[in-house]
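Here the structure of chain X is known, so what remains is to put chain H in place on it, guided by the hints.
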Amino acid sequence: MSVIKSVTCPICGCLCDDIELTVENNEVTKVKNGCAVCESKFIGYRSEHRIKTPLIRKDGKLVPVSMKEAIHKAAEILANANYPVLYGWSSTSCEAQRLGVELAEEVGGVMDNTAVVCHGPSILGEQEAGIPTGTLGQNRHRADLIIYWGCDPWSAHPRHLERYTSFAEGRFEKSEWQSYLKKLKAQAGQKKVESTTRRLSAGVQIPRPQACSLGGMPPSLSKRGRKLIVIDVRKTMSAEMADFFIQVEPNKDYELVQALRALVQDQELDVDKVAGIPIETLRELADALVNCELGVIFFGMGLTQSTGKFRNIEVAISLVRDLNMRTKFLILPMRGHFNVTGANTVTAWQSGYPYGVDFSMGYPRYNPGETTCMEILLREENDATLVIAADPAANFPKKAVQNMVKHPLIVIDPHMNATAILGDVVIPSAFVGIEVEGSAYRMDHVPLPLKKVVEPPEGIISDLEILTKILEEVKAIKAQKTETNQPPAEAKPKAKTETKKKPKSVKKTKKKKEAA
Amino acid sequence: MAEQKLKVTLLTGRTIEQGVGKERGKSSEDYFDACSMCYMDAGDMQKLGIKNGTNIKVTTKSGSVVLRAVKYRRASTPGLIYIPYGPWANAVCSDETTSIGMPTFKGTPAEVEPAPDEPVLKLEELLKAEFGR
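These protein sequence lines map, in sequence, to chains X and H.
According to this note's numbering, the residues represented by the first sequence are 1 to 516, in order.
According to this note's numbering, the residues represented by the second sequence are 1 to 133, in order.
Here chain X stands alone, though its shape is the one from the complex:
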């Protein structure tokens, strides 16, 4: 039995690096410090849902084959495809992602990662407005006003509050954990008093004294120490923990941010309510924003997936910019997968663009809405798909998946997920951060190493090794094709074969564009 300390948890963008694992007989038996999801992963990695051998679909059924056969089949599909989509990448290491870009370039495909369905709009917003941001360490030690907008850290990033914001013990800002516990106790006490009074008064209503407020502000916003504000369309667990919760009407975040921008700039608004919230409340909120020492807005899918999408982010960044004229303010996206930030970073330093990069013309092209995987699938332009370290069948709208399964589908994943069930070639891989090491980027762009704590099952190799082998095979198949296609006497230019390879689909899009 051995205890491994400071393990980085490979699940969400928090990348908590204080996990302690107990390993017995090459199996993780105990998880310390982790959240519920962390424990589920470190215990569940060896569950019955693990893919044990490579599989290929024959006569409509997935049958076990050798690793060599599966890799050859995958390489064949990719080498023969005109416009393959290589999607996923967010739950694997930066090293595998780098190789993915090389593979995409080699096969003239589209390299896209899961940011397209989570913080893609945030990246577009950042490209429009820039981003005044900092690391999570800054927030932990200095932030005295924390806002979660359109996100529920308690569900999606369970230790975010505890490690980086309100409940973290910072150097200059203290943890609010004790005061939260006191609040809970007070609420429980109040409930008891209420029920006793109800019982004793036998139905007679006794008026309760109202909580007094200081200077017009609600008591929770005028308190000392760190303040936590949650803005969401429904009351979540995180909202219950907050000092102040603002319930916005669905799809009205854009209006709300713009109203706040006006109030922060001391302008008057001629309406009583914005997005279902009284102007008085918004004025108090604006005061709280302006009067903090260092504020930070964390935003999630509530902004990126509802009406407005990247425009919501753009105005949120503009609000932060306005606030920086009066005080200090930061803004950070709550990234989901543990290495989706890495997928954007690696793709950007390799090709110049963060996601949705199209290599079909022989050079990287990026035009969200055209070269992003979702539209390619919806327009049915792809003729093969490689999915690695993601599960689009569980997370894409039905129509996109229906079009995806019309063409050959290669899946590389440790678990038999929904996409693997639909796949034509399924290659099992080892878990990054448990069975193989690598590096990953935290949500604030801090790179961290992932540890190997146990050996992978026999015959199972890492994403990196699988991709290396596929790339080698693809190169070999293409070299063979070039040889057979051209008589040796005219050993003419590569360029000719390249122009020949130009995908029909791209031409089609071009024509469509011209028509439009």
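If you are wondering where the hints come from, they were derived from the structure by calculation, not from laboratory data.
Virtual Cβ for every residue (Gly too), placed ideally from N, Cα, C.
Heads up, none of these hints are tricks.
Computed far set for chain X versus chain H, every beta-carbon distance over 12 angstroms:
1) Pro132
2) Glu162
3) Gln267
4) Arg365
Far from chain H by the CB rule (all over 12 angstroms, computed), these chain X residues:
5) Glu27
6) Val101
7) Glu105
8) Arg140
9) Arg163
10) Phe167
11) Lys192
12) Asp266
13) Ile277
14) Thr468
15) Gln480
If you want the footprint, here are the derived chain H segments under chain X, 3+ residues with CB under 8 angstroms:
16) 63–76
17) 81–91
18) 97–103
19) 124–131
Then chain H, alone, in the frame of chain X:
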């Protein structure tokens, strides 16, 4: 008199149970329980004449799916339903991307009706029904 159909706004998103389920395995019972359900407002459930755990049918422009209705206990959210991310949510969420790559996973108009006699499909059954595999 209970209403037959209710017009609502559909939200999809994460829940901690969905997170635990997805790490356990997509074919696991945990994942099925966490994702094949739909949070509803208690008042809306009363309007439809359904109880906690009754099956409902959610219909949007993109399709329809049968789910288990669960009362949302934290607050009153009339006119809102919430389905955790997963294949069940994606059977009904909108594929409108407004040309920026992102489908509208939140804020889609939907209709809810009671479907006590229709079963909630398991992951494999749902994939078979939708994609034929």
